[in-house]
Amino acid sequence: MSTATATKVSAAPPRSALTPPRRRSKRMRHRATSTALTIFTWIVTLGFFFPVAWMVFTAFKTEAAAATKTPTIFTALSLDRFAEVLDRGFGVYLLNSLTASVMSTVIVLLLAIPAAYGLSIRPIIKSTDALFFFISTRFMPIAAAIIPIYLLLQSFGALDNISALSILYVGMNLPLAVWMMRSFFSEVPLEIVEAAQIDGANFFTELVRVVMPIVAPGIAAAALICFIFAWNEYFLASLLTSTMARTTPPFLGSFVDGRGQFLAVLSAASTLAVLPVVLAGWLAQKRLVTGLAMGAIK
Amino acid sequence: MTAPDLIRTVAEPEDQAPAASRTTRRRPPKPELSGGQKKALRLARALVWPAIVVAILVTQIPFLVTIYYSFQRWNLMRPGSRGFAGFDNYVTVFTGGAFMQSLAATVVITGSSIVLSVLFGLGIALLLNRKFFGQGLARTLVITPFLMMPAAAALIFKWSMLDANVGMVNWGLSVLGVDPVQWNTDFPALTVIMVLTWQYTPFMMLILLAGLQSQSKETLEAASVDGAGPIRSFVHMTLPHLRQYIELAVLLGGIMLLQVFDPIAIMTRGTGGTKTLSYLLYERAFVGLEIGEAAAYGVITVLLTIIVASVALRLLFKIFSSEGAKS
Amino acid sequence: MKRFEMTKSYSMKKRLVLRAVAFSSVGVLLAGCTGAGGGTQQADGPVTLTLATVNNPQMKDMEELKGAFEDSHPDISVNFVAMEENDLRDAVTKDVATQGGQYDIVTVGSYEVPIWGQNDWLVDLGPLAEADTAYNVDDLLPPVRDALTVDDSLYAVPFYGESSFLMYNKDMFAAAGLEMPTNPTWDEVAGFARTLKTDDAAGICLRGKPGWGELFAPLTTVVQTFGGSWFDEDWNAEVNSPEFTEAVKFYTDLVNDAGEADPVSTGFTECLNLFSQGNAAMWYDATSAAGPLEAEGSAVAGKVGYVHAPVKETAESGWLWAWNLAIPNTSKNQDAAWQFVSWATSTEYIDLVGTTLGWERVPPGSRTSTYENENYLAAASSFAPITKDIMLAVNPTQPGVNPQPWVGIQYVTVPEFQDLGNQVSQDIADVFAGRDTVENVLDKGQELAQQAGDAQK
Numbered sequence: 001m002s003t004a005t006a007t008k009v010s011a012a013p014p015r016s017a018l019t020p021p022r023r024r025s026k027r028m029r030h031r032a033t034s035t036a037l038t039i040f041t042w043i044v045t046l047g048f049f050f051p052v053a054w055m056v057f058t059a060f061k062t063e064a065a066a067a068t069k070t071p072t073i074f075t076a077l078s079l080d081r082f083a084e085v086l087d088r089g090f091g092v093y094l095l096n097s098l099t100a101s102v103m104s105t106v107i108v109l110l111l112a113i114p115a116a117y118g119l120s121i122r123p124i125i126k127s128t129d130a131l132f133f134f135i136s137t138r139f140m141p142i143a144a145a146i147i148p149i150y151l152l153l154q155s156f157g158a159l160d161n162i163s164a165l166s167i168l169y170v171g172m173n174l175p176l177a178v179w180m181m182r183s184f185f186s187e188v189p190l191e192i193v194e195a196a197q198i199d200g201a202n203f204f205t206e207l208v209r210v211v212m213p214i215v216a217p218g219i220a221a222a223a224l225i226c227f228i229f230a231w232n233e234y235f236l237a238s239l240l241t242s243t244m245a246r247t248t249p250p251f252l253g254s255f256v257d258g259r260g261q262f263l264a265v266l267s268a269a270s271t272l273a274v275l276p277v278v279l280a281g282w283l284a285q286k287r288l289v290t291g292l293a294m295g296a297i298k
Numbered sequence: 001m002t003a004p005d006l007i008r009t010v011a012e013p014e015d016q017a018p019a020a021s022r023t024t025r026r027r028p029p030k031p032e033l034s035g036g037q038k039k040a041l042r043l044a045r046a047l048v049w050p051a052i053v054v055a056i057l058v059t060q061i062p063f064l065v066t067i068y069y070s071f072q073r074w075n076l077m078r079p080g081s082r083g084f085a086g087f088d089n090y091v092t093v094f095t096g097g098a099f100m101q102s103l104a105a106t107v108v109i110t111g112s113s114i115v116l117s118v119l120f121g122l123g124i125a126l127l128l129n130r131k132f133f134g135q136g137l138a139r140t141l142v143i144t145p146f147l148m149m150p151a152a153a154a155l156i157f158k159w160s161m162l163d164a165n166v167g168m169v170n171w172g173l174s175v176l177g178v179d180p181v182q183w184n185t186d187f188p189a190l191t192v193i194m195v196l197t198w199q200y201t202p203f204m205m206l207i208l209l210a211g212l213q214s215q216s217k218e219t220l221e222a223a224s225v226d227g228a229g230p231i232r233s234f235v236h237m238t239l240p241h242l243r244q245y246i247e248l249a250v251l252l253g254g255i256m257l258l259q260v261f262d263p264i265a266i267m268t269r270g271t272g273g274t275k276t277l278s279y280l281l282y283e284r285a286f287v288g289l290e291i292g293e294a295a296a297y298g299v300i301t302v303l304l305t306i307i308v309a310s311v312a313l314r315l316l317f318k319i320f321s322s323e324g325a326k327s
Numbered sequence: 001m002k003r004f005e006m007t008k009s010y011s012m013k014k015r016l017v018l019r020a021v022a023f024s025s026v027g028v029l030l031a032g033c034t035g036a037g038g039g040t041q042q043a044d045g046p047v048t049l050t051l052a053t054v055n056n057p058q059m060k061d062m063e064e065l066k067g068a069f070e071d072s073h074p075d076i077s078v079n080f081v082a083m084e085e086n087d088l089r090d091a092v093t094k095d096v097a098t099q100g101g102q103y104d105i106v107t108v109g110s111y112e113v114p115i116w117g118q119n120d121w122l123v124d125l126g127p128l129a130e131a132d133t134a135y136n137v138d139d140l141l142p143p144v145r146d147a148l149t150v151d152d153s154l155y156a157v158p159f160y161g162e163s164s165f166l167m168y169n170k171d172m173f174a175a176a177g178l179e180m181p182t183n184p185t186w187d188e189v190a191g192f193a194r195t196l197k198t199d200d201a202a203g204i205c206l207r208g209k210p211g212w213g214e215l216f217a218p219l220t221t222v223v224q225t226f227g228g229s230w231f232d233e234d235w236n237a238e239v240n241s242p243e244f245t246e247a248v249k250f251y252t253d254l255v256n257d258a259g260e261a262d263p264v265s266t267g268f269t270e271c272l273n274l275f276s277q278g279n280a281a282m283w284y285d286a287t288s289a290a291g292p293l294e295a296e297g298s299a300v301a302g303k304v305g306y307v308h309a310p311v312k313e314t315a316e317s318g319w320l321w322a323w324n325l326a327i328p329n330t331s332k333n334q335d336a337a338w339q340f341v342s343w344a345t346s347t348e349y350i351d352l353v354g355t356t357l358g359w360e361r362v363p364p365g366s367r368t369s370t371y372e373n374e375n376y377l378a379a380a381s382s383f384a385p386i387t388k389d390i391m392l393a394v395n396p397t398q399p400g401v402n403p404q405p406w407v408g409i410q411y412v413t414v415p416e417f418q419d420l421g422n423q424v425s426q427d428i429a430d431v432f433a434g435r436d437t438v439e440n441v442l443d444k445g446q447e448l449a450q451q452a453g454d455a456q457k
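Protein chains in written order, with the working numbering: chain A, 1 to 298; chain B, 1 to 327; chain C, 1 to 457.
Chain A on its own, in the form it takes in the complex (with noise of 0.2 Å):
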């Protein structure tokens, strides 16, 4: 599709008759707009970032001057709002959501490699049904399941329980981290792996020395969008815990109060909540393009 519109575009007629003054008044406009662009892009790039950075900047003001009509711009600021937050306990929840969120990726990781490995590296019939079959998991609507969900652990006493809070997020990012893998398993050289075989290096030395430095990368992104699904994840969460295994997501609401202004330590809290993977994601920005644009499309 693409060559057939390049030959379009090419048959258009040549004009390469440009005089060297026009060239450089070009030029100059060309600088104009470059620059109007570049204001332009910042312009839209902090407007996105606001409502960001004002969450972060409220976080570090009094409780009145977090709620006024016109904001409050020059205002005393401190790390009390913070402290305050860390004084409910805040630590304990964003334990939990650690826990959740590595304890599920590394299950994840672990199912989902030797899977990926399987479904591409040595094609089996129909390879893609079960592709298929992986990826429509992810578009069930757990909340049709959630009454099933609820009475099952309950029974089984597991309620209020991290371990089976992972357990859930395990099944709600095996499908897409099987997926993503998949595609960065089909990476490797066909070559490398035969190359391999024929030194006789087995399964297991194939799959540790051969392809995981190639596909190590794939891996990362996988594991970092699996691990900011299972921290964000709120839905289970609210339904399925109440004090032990809390998470931090369904947490954040009790920090609307009914006593008085709470929008400076709502915004602080909100701040500690997201942090984590504000950064990773910021370090790993990289990473994250490739796990989600390699998906499908090279």
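Calculated from the structure, these hints are not laboratory results.
Using N, Cα and C, we set each Cβ at its ideal position, and we do this for glycine too.
Some hints here could point you the wrong way.
Computed Cβ-Cβ distance ranges for the label pairs, DEER-style [said to hold, decoys possible]:
1) B:LEU64 / C:ASN395: 47 to 53 Å
2) C:GLY434 / B:PHE94: 26 to 32 Å
3) C:ALA68 / B:VAL53: 49 to 55 Å
4) B:LEU103 / A:LEU86: 41 to 47 Å
5) B:LEU304 / C:GLY297: 49 to 55 Å
6) A:ARG209 / B:VAL107: 45 to 51 Å
7) B:GLY111 / C:ASP335: 54 to 60 Å
List of simulated lysine-lysine pairs, DSS-like, C-alpha gap at most 27 Å [what the hints assert, rightly or not]:
8) B:LYS217 / A:LYS286
9) A:LYS26 / B:LYS131
10) C:LYS170 / A:LYS69
11) A:LYS26 / B:LYS217
Given the coordinates of chain A, work out where chains B and C should sit on it, guided by the hints.
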């Protein structure tokens, strides 16, 4: 696709294996290796099995139980009244009217969030795909909304951005001379769409930017030397190139947005055309406490989703195979 | 030969990998099962109680003071799960109804207690309370205690009780030269609100947030004093009756003309914020709001006037409500739970709040002795006497013009009511926004209500 289908698929009889290997791209026919190939196939299946078993246990079994519950008369507040209900719950679902409204809400909210975030995502991707001062930093800042915890994003939008009294959006409008807007009362669906668009634009942007960066510079330069203006080369060259990236972005975004729950639970609680299927299911189960009715809603929703998913996935695997053929 | 070796090692490794995968998942499952116990399932030794509560000011105070209890009961620690009112209802109801056993103590409204008590979901606290002479169960405010008693079993004890009244900002009324009567009518109040409404201040704050416990608490009392009701004496739904319709029209028009901005976002919490910062001239809501309004940090402390709930056809129109502490039957720590419950609802606790946090923050409306306490009466002179008067004056058996087949003012004591109230209030959100008409919404509500009514016949 149901679990039994899948089991059949994976446990395909071995005698079909050589046929498969002939048709696959990566394994040109090598008859002398067929014994090893059989072993390889068996291994491949063994590798896939654990993941499939877990996926079935965690995601499919609860659905089977949902089907069972959907034929029960079971209100949690009346523990003595449980019993077999036949198709009563399905009659309630189809005569109640809540389902169609909820379906419409889901289509409107998911659809407009996807369209808006793809459009904004494309715009921002184009802006970021040039060399300019602070390019890396700008991209870093733009992707942040996607990393935000949805619950935090919804809370911050509700209380800090869209609040009628102290919200920044109304303040910004007042600077422009616009009267304060009662966001949650007058435009509940729009508030949800705003938050979702804000969160998913960076996601779309990342995929589309990858698409833009994979476009060869030489072709574009050649076109510009040939006198094709930026708009023309965008329409005739960039857009066709981006098509499969857009399809992928829409599909992945759709998977996640179809299940959206957090902003609705936190911001609007299902008022004013924001009661999506996820929220309806939650409400029937945990507010109505009608387990049977909620399960019937669930079964219908799953059936609908399967139809949508099959169409969407056909598209996805078309992307897969067309790319495969090219490389 | 080589091929053979290769395949053999393949299958060996395959088994290893499988086993590793299986082991790790079993390991996690096991970890899950042992982890489930935690502190909540052990009968002796240190006990951790989980308390689900609503994030109202009085509950926040309880959380702040729980250290005093834990100091005197070193073996017991109490974990608070505070939620918004709607979330609390959903969470606690699903847990108790499915015998989930996540909570040792639940905060339950007067509406749920009789229904749950009949389903045998709550521990009968009567014998425990009577055995404890220091607890003085007869001191509990009679109308509140009656609402919590089913067939002589006391299924919950009140943490604080409330009725509803009209609060007004005296400064704004003085500035406008208006005077508030002690027993205002809704027509007078609507007139005041429309006069006092400015760009910066609402004439009146009335709840609009969906939820039977949010919007429908004040709205049902308005319906009743307008002569309407949810059901007639024979459980026939009356939701689209002329009286009900007129009341809802009156309420939504008043809010849209002279009420707060963004009513659908506005519940008790939001009104409290608005009124306590001097951004509303009047507020019709729970009597328990007076405590936080007079406390430190409120911009209107000392400037608030309190009068009876506005009326139309009836003599009195306040609601009757209590937030109560109850122990689900599924709790494994019922003894420890009772120790905390009896402490938190005791006169000792009321004294503790008074001496450490200030007497105006004492949880009101639970005990007769609170209204005989000199310190409390001195600190709460502006609202304590009127609160007690209203609470003893309202009539939960017939709050409206006509007799009704249930006991309760701003709610109907049937299980279906929370779903019914919830759905109708969501539709009324469309009326606030002008997307739907009152008639239309109430016709839909009538159908739902009739289904609930039929279940009672």
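These are the hints, each one checked on the structure:
1. B:LEU64 / C:ASN395: 47 to 53 Å: Holds, at about 52 Å.
2. C:GLY434 / B:PHE94: 26 to 32 Å: With a Cβ separation near 30 Å, GLY434 of chain C and PHE94 of chain B satisfy 26 to 32 Å, so the hint holds.
3. C:ALA68 / B:VAL53: 49 to 55 Å: 52 Å, holds
4. B:LEU103 / A:LEU86: 41 to 47 Å: Once the Cβ atoms are compared, 44 Å apart, the range 41 to 47 Å for LEU86 of chain A and LEU103 of chain B holds.
5. B:LEU304 / C:GLY297: 49 to 55 Å: 51 Å, holds
6. A:ARG209 / B:VAL107: 45 to 51 Å: 50 Å, holds
7. B:GLY111 / C:ASP335: 54 to 60 Å: For GLY111 of chain B and ASP335 of chain C the Cβ distance comes to about 56 Å; the hint holds.
8. B:LYS217 / A:LYS286: Distance ~20 Å between LYS217 of chain B and LYS286 of chain A Cα, so the pair holds.
9. A:LYS26 / B:LYS131: Roughly 19 Å separates the two Cα atoms, so the pair holds.
10. C:LYS170 / A:LYS69: At roughly 23 Å apart (the allowed maximum being 27 Å), LYS69 of chain A and LYS170 of chain C satisfy the hint.
11. A:LYS26 / B:LYS217: At roughly 21 Å apart (the allowed maximum being 27 Å), LYS217 of chain B and LYS26 of chain A satisfy the hint.
When held up to the earlier numbered hints, the structure conflicts with none and fits them all.
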